[in-house]
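J.: Each chain, letter by letter, is given below.
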Amino acid sequence: MRDAYVVGAAQSPFGSFPDATYRSLFETAFERALDSTSGRFDPDRIDEAFLGTLGVGGRQIGLSAPAVTEHVGLHTTPTTRVENACAAGGYAFRSAVTAVQSGRADVALAGGYEVMTDTSADQTRWWLGVSGDTEYERLSGTTFAGVYAQMANAYFHEYDTDPDALARVAVKNHANGAENPNAHLGFACSMDDATNAPPVAEPLNRYHCCPISDGASAVLVVSEDVAEEFAPVRVAGVGAASGRVGLFERDTLTSIPASAAAAERAYERAGIGPGDVDVAEVHDCFAIAELLAYEDLGFCERGEAGILLDDGRTDPDGELPVNTSGGLKSKGHPIGATGTGQLVELFEQLQGTAHVQVDSPEIGLAHNVGGSGGGATVTVLERTDVGGAR
Amino acid sequence: MRGIDAAAVSLPQYRLAGEAVEEAWGRSPHREMVVPGADEDAFTMAIAAAEQLFETSAEREAIEHVALASTTPLLDEGLFAPRLGRALGLGRNVETSEHTGSTLAGAEALSRAIDADGSALVVISDCPAGDPADGWGAGAVAFLVADDAAVGVPERAWHTDEYPGLRYRERGSEEVKSIGVTTYERDAIRECVAGAAAGIDDIERVAHAALHQPDARMPSRIAGDLPIDDEAIERGTVVDRVGDAGAATVFLGLARALGGADANDRTLVGAFGSGGAGAAFVLDGGLDTAGLADGEIPSGERISYTNALRKRGVLDEEEVAGGGARVSLPTWRESLGQRYRLRAGRCPDCETVAFPPEGACPNCGSRAAFEPYDLPNVGIVKARTVVGQGGAPPEFAAQQRRDGAYGVVVVGFEEIDATLPAQLTDCDPESVAIGDKLRAVVRRIYEQEGIARYGVKFVPTE
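One line per chain: the protein sequences are X and V, in this order. Take the first sequence: its position 217, counted from the start at 1, is 221 in the numbering used here, and no numbers get skipped. Take the second sequence: its position 385, counted from the start at 1, is 393 in the numbering used here, and no numbers get skipped.
Isolated chain X, as found in the complex:
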């Protein structure tokens, strides 16, 4: 299999844009992605596209991805819509990588889009509950906030971690997001804000939950031949895994098995271990999810996520900065756009152009989870101007 590279990546602003369409949001991300390469990328070179979306609101359930690529002028380009809930973007990227690695495409476009803020609150909550187990879990009265809250409850019961860790995650990610002009909630918050916000599902309050956002993102994945023309970032490895859709169906309530399995596969393909990661974007749809991610990705031992956080090791100046973009919490979470949106941050970090720039990172990791863990991808990107392939 040949290598795949990322030569451009960009996102639209994430936020609330009720007058935008999923097509116009994607157009913004796409145009920015073409301009994010060293020299504008010629869109006619795109052989194939994979776009992630859940389709919130039901505005265009069928064929929304071709509608998007036709809208941006990629006429007749084969386009596949990818649906794996919040991991749709990660899976779309994986498909683009596979298309390039297999030799079928020299240039594959990966991306995602979602419009979530133009429906009523009830409608939105209806959609927020469609990616858990519908028949039993949802009918116990939960959306994802409730499911992650149960994980948080079980986690703090099992480990001696101060529940203040939830607020610490929010404060860290908001501090990062405050520097990101594309962030939905681009402002800093205090421990007091993040501790005393109105409850959503105990122990999670509003500051422990990501916002409901609109947005799009796009990533250009190319073969080595094409990559040579640009300043590329190498796709060192992509791991993906599925898990039981309902939390109650799993062996553990304090870990997301799909994340751990996807990470193991990604590390193996990339030939690295968690200790080699210099910067990471993890799926912090809820603050507890970031803590679980530290452990599932092997950044620390089980039960030690709070220590990692408290020691400042995941702060921008720590040894393993996490969610320098602001994460889902501050940057926003337009479901289908999130996975490739994380790769935008990694691309910028590895190019040295991020808003909260980490000191010359070489290896970046992105972790994207669907639902409460029904699917996950872990992607490792690597700078090519140093070291070379491992």
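Computed from the model, here is a short list of chain X residues facing chain V with C-beta under 7 Å:
hint : residue
1    : Asp-126
2    : Trp-130
3    : Thr-138
4    : Glu-139
5    : Tyr-140
6    : Leu-143
7    : Ser-144
8    : Thr-147
9    : Ala-149
10   : Gly-150
11   : Gln-154
12   : Pro-203
13   : Phe-252
14   : Leu-257
From chain V, some residues computed to sit far from chain X (all C-beta separations above 12 Å):
hint : residue
15   : Ser-65
16   : Thr-104
17   : Ser-181
18   : Glu-212
19   : Arg-213
20   : Pro-235
21   : Asp-237
22   : Asp-292
23   : Arg-310
24   : Cys-358
25   : Arg-447
26   : Gly-458
27   : Ile-459
Below, a sample of chain V positions facing chain X; criterion: calculated Cβ distance under 8 Å:
hint : residue
28   : Val-394
29   : Gly-398
30   : Tyr-414
31   : Gln-431
32   : Tyr-454
Hints listed in this document are in silico derivations from the structure and should not be mistaken for laboratory results. Built from N, CA and C at the ideal position, the CB exists for glycine as well.
Take the given structure of chain X and dock chain V to it, following the hints.
T.: Chain V alone, transformed into the frame defined by chain X:
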């Protein structure tokens, strides 16, 4: 002799004080009223009463007839008994009869069960709606009717004549009304009930009487027309504790009266149905009823007037956009065993128990069909949360407005691998923690396409 061999009652846990109603309306017909929770109705109370009966004295496999009575059945048209049969796990060959349309429904159901062959289950469950000042109430009572019963029913008598306008509910309406001509109403009730009782031989032998009781004064008015003194009606009058439980009130009174009756005592039941009919039954002997507290109507949790209005949906008129979770009725029906009775499956290869019992074995991956395995009705909290405003899917928004924030748990079972997600009810969810024990009850889950769907929720055991 054929009669009542066992009895059980079940009341929702909330109580509204008559004073609270008086403060708002200037009057209250009852001292205290039972208020059903937002997820309770005649069906869930019926299940609870019948389960109580099976827990203490009756064999569900032996039931050959089910007679149901309620003035508040689930639908204007559509049977109620088949749902009850599935929820209780009764056999598929039971004969059913349903009685509704007036507060006489309970007497009709009991009479039908006495006429039936074999063991019969009678369930009288009701929660009428109207102005709180006309009296709310709710409750359910279940009887096992059998040959050679502890309490025989030697005689029944009826009295029928047209009395329009007394207590009626128009088609499509939930509210009970009356034309409000007090003397006319009292006379009608007295004529019908006392008229029926007059058809009983040796009526003067009656030691206890449970008489139609829209309010606490009515039994003594009826008794005044009969050779029965006020002492005899004391045990059979419960409306002051229960409120107007429709067809069930007089039988809740009967259950209490039978607890105070000796083997040689004779008890009278006098029921009334608006439109114009009375029924009188005599019962020989005494019986302890499950679900009473030392023979008395159990007390409950007092709630405020506004809370009661909320629970009864009076303040809840907002339509919820977005609809409910899409689970089709045919697939819902296929899962009734899981919904009502926690039917799981045991893997024939590795004995792991899986819930729901479908797909590959979660442990060994075997695709062999699961063997049916009913999870116990007592579970343990493995994880919990309290879902506040904004965290609930739209199908639970109305319930949340009525009952407030609710608890959701992952429930596990002792020495069984399977876990399942469930909602908590009848409790302060804040007080529930990992490791706490829970008991399964059947409650209303949500409604889709106008069809209410019911399933297991959990209540803390302590």
